[in-house]
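**Q** What follows is the residue order along each chain.
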Amino acid sequence: MTTPALDIDLREIEQFIYREARLADASDYDAWEALWTDDAQYWVPVDGASDPGDHVSVIFDNRSRLHTRLQQLRTGKRYAQLPMSRVARVISNIEVTDVDGADTRVAASFVLAESRVGNIEWWAGHLEYRIRREDGELRLVGKKVVLINNDEPIPTVSFLI
Amino acid sequence: MTVLEDRLGDHMTARVDRLVQRDQIHGSMYTDPDIFAAEMQRVWKESWVFIGHESEVPQPNDYVRKRLGLEDVVMTRDAQGEIHLVVNRCAHRGATVCDAHQGNSSSFRCPYHGWTYKNDGRMLGYPYAQGYGGKGKLQIDMGTARVGVYRGFVFGTFNPGAPPIEEYLGGAAGEIDRLCRLSPTGELDLSKGWLKHRTRANWKLVMENETDGYHPPFAHGSILTVTGSHIGELYGEASEAVTRDLGNGHAENDLRPQFRKYGELMKWNGNGADRVPDYVQGMRELHGDAAEEILIEGAPHLMVFPNLFIAEITVFMIQPVSVGECIQYSTPVQFKGAPDLNRRMLSMSIGSVGPAGMLLADDADMYERNQRGVALHDPEWVNVSRGLHREERDDNGFLVGGPNDETGMRAFWKQYCRLMGSEVQR
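Protein chains in written order, with my numbering: chain A, 1 to 161; chain B, 1 to 426.
Just chain A, with the same shape it has in the complex:
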């Protein structure tokens, strides 16, 4: 049962986004996966404007592929995450940009540091969330991560970005 998006206030949205960020930072695959709805879309484009059905993306997961990605991580033999990345991200500039039926669209910016095998990798970009209330809980319907350097070569991104 979904509720109209107008029931959602900014404070609640912020708390939800920070929780998503904390679970991703911690590579808490189970709790992070539980945030997503069945019609989820997790998208890291190489070019913010292109159609993901007609152009390559770094990540373009529906719910099923997202599950496969997490199942691979859960094997403990996803070597690109062995050892695991240590990640801290800061999310800011949170702004409700649109209400689309039951979904609220939210924009934000992030800076993220990733430490792994002697390197610190810096990631930054713009975030677009699609959030919906289902059975009283806020859930993640969509997350689009537009890296500022997505037109340039980027290193492996095997943690939850």
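Keep in mind the hints are simulated off the structure, nothing from the lab.
Ideal Cβ placement from N, Cα and C applies to all residues, glycine included.
One should not assume that every hint holds.
Unchecked claim - Which residues of chain B face chain A? A few of them, derived with a C-beta cut under 7 Å, are:
id	residue
1	Lys192
2	Arg198
3	Gly221
4	Ser222
5	Ile350
6	Gly354
7	Pro355
8	Ala361
9	Asp362
10	Ala364
11	Asp365
12	Gly373
13	Leu376
Position chain B relative to chain A; hints supplied.
**A** For chain B alone, kept in the frame of chain A given last:
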């Protein structure tokens, strides 16, 4: 001969003779900046190098930025339809001329002093012409590389003496033909964009892995288990697949014998015929009875020296950055006239390859582990002996090893050593 080449001299050849042996490679071949500098000249300027595909510049005056080794080049199509590779450097003071990643223009203007060039690199003019004695008095063109096109695949070289591209491809040309034969129109479309994966490893470690049938069940065990994939079995000890040295540094994992054994249409693609009925129907209409064999045998798994890798549904291009870093570019194979199959191949390719790919991110991790490891000195050597004792010549005279033998790696090194000036038989 360039100034750099003079400086490197013959001692580099002597080092390669010592450090590249038939069954082992010295770790410094992947870590020594002098070796890297030498191979940027002798391999990356002398050999044909894969650059991209004609379908990336479909219209007259389209252009797209590329790399040819360390060179920033622009691949252009002129008004007459011919492909050019223009070095992105103003002939005046060296400023970068072309900024956009891609676009459409018949000419380029340097932002610094306004010199202009046609999209084949030829100088068109310069402002305040009297400073050079008038219009047309000075003619300095942008640098260009030679272009070779085979079935739409564009290669470039700075070597005027390189053989024709068909001759260079040799045994690999037939495998590219085999890929094109899977297209209902005979043509490919590689215009869905390139993922660009920065990898902290020497480029040769990547190329060696492209025909390594030994690693999939181990490096990729996680994703193969989760998805129930048959890829491990394809390269397993019981597989009938072979690894083939195609000459000139090219090699393949020929999976056809194993796919013939399975005898299933489209198994190579991981989809099965019932998921792409329009494509299968079209191929049957086009090829008649021969369609069965074509759709069972599938696409090649081919490494073309020094930097092209066709992995069935994805085309890779490797370009070096420094001795310890390279970029892996990847784009999905698309067949002109096969929309149902193309959608699936695009989606599968995105899931598998690139910086977040469920296969390729693990390969990249292995390359980076390799790079850290080869800098250590006990043992000093990387072993490439697997299957040496069981190689045979096939009917075409090509050296053939087992499904997970290192025949392809040894093929790579033979060509590398030839280009580096070595005359030692390996």
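**Q** It remains to establish, for every hint, whether it holds in the given structure.
**A** Verification of the supplied hints:
1. Lys192: 5 Å, holds
2. Arg198: Constraint on Arg198 of chain B satisfied, holds at 4 Å.
3. Gly221: Hint on Gly221 of chain B: holds, closest Cβ of chain A at ~6 Å, below 7 Å.
4. Ser222: Check passed: Cβ of Ser222 of chain B comes within 4 Å of chain A, closer than 7 Å.
5. Ile350: 5 Å, holds
6. Gly354: This interface hint holds because 6 Å falls under the 7 Å limit.
7. Pro355: Where the cut-off is 7 Å and the nearest Cβ of chain A is about 5 Å from Pro355 of chain B, the hint holds.
8. Ala361: 4 Å, holds
9. Asp362: Because about 5 Å separates Asp362 of chain B from the closest Cβ in chain A, which is inside the 7 Å limit, the hint holds.
10. Ala364: 5 Å, holds
11. Asp365: 4 Å, holds
12. Gly373: Since chain A brings no Cβ nearer than about 12 Å to Gly373 of chain B, farther than 7 Å, the hint is violated.
13. Leu376: 14 Å, violated
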